[in-house]
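Chemist: Whenever a hint applies, use it, and build me the whole structure from the sequences.
If you're matching them up, the sequences are chains P and B in order.
So the first sequence is numbered by this note's numbering: it starts at 3 and just counts up by one.
So the second sequence is numbered by this note's numbering: it starts at 375 and just counts up by one.
Please keep in mind that the hints were generated in silico from the structure rather than gathered at the bench.
Note that the coordinates shown come from a computational prediction; the quantities given were computed from them, not determined experimentally.
As a list, the in silico DSS-like pairs of lysine-lysine whose alpha-carbon atoms are at most 27 Å apart: (1) P/Lys148 x P/Lys188; (2) B/Lys470 x B/Lys482; (3) P/Lys140 x B/Lys474; (4) P/Lys184 x B/Lys482; (5) P/Lys188 x B/Lys482.
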Amino acid sequence: MGSSKYGDYGQLFWAMFKTGVLGFGGGPSVIPLIRHEAVKTYNWIDNDEFGEILALANALPGPIATKMAAYLGYRKRGTLGATVAVLSHILPSALAMIALMSVVQYLSGSQIVQGMIAGVIPVVAVMLGVMAYEFGEKAIKGLGAKLGIVLFVAAFALLQLLDVHDAIVIALFLAYGAFHFKIVRKLRERKQPKETSGG
Amino acid sequence: MDWWNLIVGFFIANVLGYGGGPASIPLMYNEIVNHYKWLNNEDFSNILALGNSLPGPIATKIAAFVGFDVWSWPGMLLALAATIVPSAIALIVLLKLLHKHRQSPVVKGMSLLVQPVIAVMMLLLTWQMADSSIGSSGIWHTIGIAAVAYWAMERRKIHPAFVVCAAFIYGGLVLSHVV
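Modeler: This is the structure:
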């Protein structure tokens, strides 16, 4: 992309400012907004890379949105880019927090504020649902329908039914993923058309 | 030693919190209220309530406020840095490593296998959001807003920022009488 250095900083600032100011309800609600800016608006990365960043951000401790902002900034413009991205993402609300402490009783008790937050939640749900669908579609494309569905069920069982921690589930799937193509090749060499096994 | 305590306190609370900012809140409570006694229980509930009424990541809002409260602007910067920097560096280093070995089948397999997990995690989050929305604004508002949002973002390709702003306005005008 023939964008200039300052153009890059400007894009990072504007994208991360928007996602920081529009994301209500903490980290998860910000993820689809960050994806929209990084993948669709500015084409910094493609959807696959976004998936990798999200998975690792989830597997590491600490706040998720800020980690992703830091990485996107770093990828574009190194350490300074990371600093710009993180500060644009967190400073507006952090400063508002300090400034608004005196009206805290009013704000958190205000029906209008509560209504506004309630209005955004279904929108966030739609964005998350669309993301789930798109990742699911890609998983099926890459893994085939059979193995894909087996892995969906496995992930669902671990995360929801057995309540295993996100980080552990991601680590398990990554560990199998490291051997996935080796296993597939071995199976093919043995001329077995079946490609669901392992894990 | 305030500055050192800010660094250690926020570093520990966030480096032990898996699953993003919200997961770190109990750990931050432990450091802020029980360990260092920067705030009492009631103050902490107040800043948590305010934090939830404002946009943006929650962990950094709490860190900014407590840091400022303890040691003014430098305190705010230290608390924020302790919250963000360690895990951000870990992510950058890991992803750099991943990109170096982009072509290896090991890395390709890992980035393929992560997709079903992400899909399921997003699905579960969608469910949680829908559930909490039905709890606060009722099923018809939830379905109505979701349908309009889907139509606007996916069919008409309207930028989510506008959709979120429209939802704020609708929520402020209409849902404030419902919730």
